[in-house]
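If you read the protein sequences in the order shown, they are chains P and F.
One point on numbering: in our numbering, the residue at position 82 of the first sequence is 82, and numbering is uninterrupted.
One point on numbering: in our numbering, the residue at position 12 of the second sequence is 12, and numbering is uninterrupted.
Derived by calculation from the structure, the hints in this document are not laboratory data.
By construction, the Cβ of each residue, glycine as well, lies at the ideal position given by its N, Cα and C atoms.
Do not rely on the hints blindly, as some may be mistaken.
Said to hold, decoys possible - Here are some of the chain F residues that sit facing chain P, going by a computed Cβ distance under 7 Å: (1) 10; (2) 11; (3) 14; (4) 18; (5) 36; (6) 40.
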Amino acid sequence: MSPTATTAVLPDLARRDDAAYLDFVEGFREYILGKGADFEDRLDAQARAEAGRRGQAWTDLEELRAYLQRFPLTQMRDRLVRTQQEMKWHRLARSYSDRRKELEAELARWDNQGPGKLLLDPAFKVPDYANVEFHLQPGGYYHDALSGFLYHYGTKVFFRGGNDQDELHGALVGRAPPPADGKVRRVLDMACSVGQSSTAFKRRYPQAEVIGIDYAAPMLRVAHRRAAMAGLDVTFAQRLVEKTGFPDAHFDITFAFIVFHELPLRIIHETVREAARITRPGGRFIVFDFTESAIKSPYQLYHRWFDARHNGEPYSQDFCDCNLDAVLANNGFSADADVMAQRSGGAGYVKHWFATRV
Amino acid sequence: MSEVASAPQTPEGGTPIIGPDPIYLRDPLLDATVRMVVELTAQMWVERERRMSLEARLTEAGVLPAGAADRWQPSAELAARLKQERDRLVDDVFKELRRIPATAVSQD
């Protein structure tokens, strides 16, 4: 690794040691969330057995929390889950801050370079609901000029090496069905962050106009830089998902990847309404997000409870408790929804909604 | 787990977010200890990764005969740099001590 490689798609960290440290966090995360420490299956079995003794499923989250937190195993799980997240951000923020000047210059160098456009709005006011350090990321999504780079590297660790070349985004976009008539002229990537889905859409539909929107300027700058470096003509614009400003029936595909659980309930409803307005009849509204509470295993319910409070996801519980299928139906969508992958102890964590604008 | 003060909330509500440095174990000292163990393991891996990489490169290049690293003595300048690095390592591992709340009491 060159110590000065700011020009890589994902810029190198300041030191090789930082990369090795984050490599450790990646492996440690896999260990505590997977079979290594085996927290999930053991705690899920405990909770299921207790539900059996009580003769009823867990419906009261507070009761489930109180029951599971009696166990040192849960306490240690919580400690370690929080710790690995703190370690990741602490090291990452320190490392990129050590290269701040060159990284900011690198971003500035690309702002006005094509292909593609970066449309930032100097008068844009980020809504109060976004003022959250989601996933404990220092400064959240928009308070630091380097937030986009931090987010990108942070998700590299989160996906445990499985998304270094946007493999996940490419696969998800690949699964998203086009409209039945096959016409894809315009695609909107809602809350696009660093634009990994946006570029995947441009690769899948090279003739289509692809637009990614987000409230966070630092994310959009990285998104634009990534797309331009890849030679992809994508527009990234600073706009709100609940008030996009696009004309009625403008898009053939409107896309939202793990967006809704980071929006307050009020904005979830507004965003689905907005998607219904801007997606043309017969067009698709593609959503990937967390599974609803009703189908979660006891451990998954606890995990959600924990992440909402301890991993900076304050709106996620409300999202999991809301019935997105009904919200979609009430706004003129017919949705084909399914859980994406089964995990031991219950349904998977992520679900897709392939909705069609009626 | 003993709940700690919540972080500032957004006007939109949602679930209250826990503030910095929550305590998950029965005693803040235990939380600090676990954090130190994990941090130490990370630091150990960083060092091991670098040493293994360097040793492999040196062996491949035929730069040093086997065992030379054990017999080598650093210059004064490098020794001073090593001490600086050592101090940074100590703080990386033991900064957790600063996070133990002064007012916390152990639970029985």
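Going down the list of hints, with the structure as the test:
Look at residue 10 of chain F: its Cβ gets to within about 5 Å of chain P, closer than 7 Å, so that hint holds up. Interface restraint check for residue 11 of chain F: the shortest CB-CB distance to chain P comes to about 5 Å, inside 7 Å, so the restraint holds. Nearest Cβ of chain P to the Cβ of residue 14 of chain F: about 4 Å, under the 7 Å cut. The hint holds. Residue-level restraint check for residue 18 of chain F holds (minimum Cβ-Cβ distance to chain P is 5 Å; threshold 7 Å).
For residue 36 of chain F, the suggested interface contact is broken, since its CB lies about 10 Å from the closest CB of chain P, more than 7 Å. Evaluation of the residue 40 of chain F hint against chain P yields a violated restraint, the C-beta minimum of about 11 Å exceeding 7 Å.
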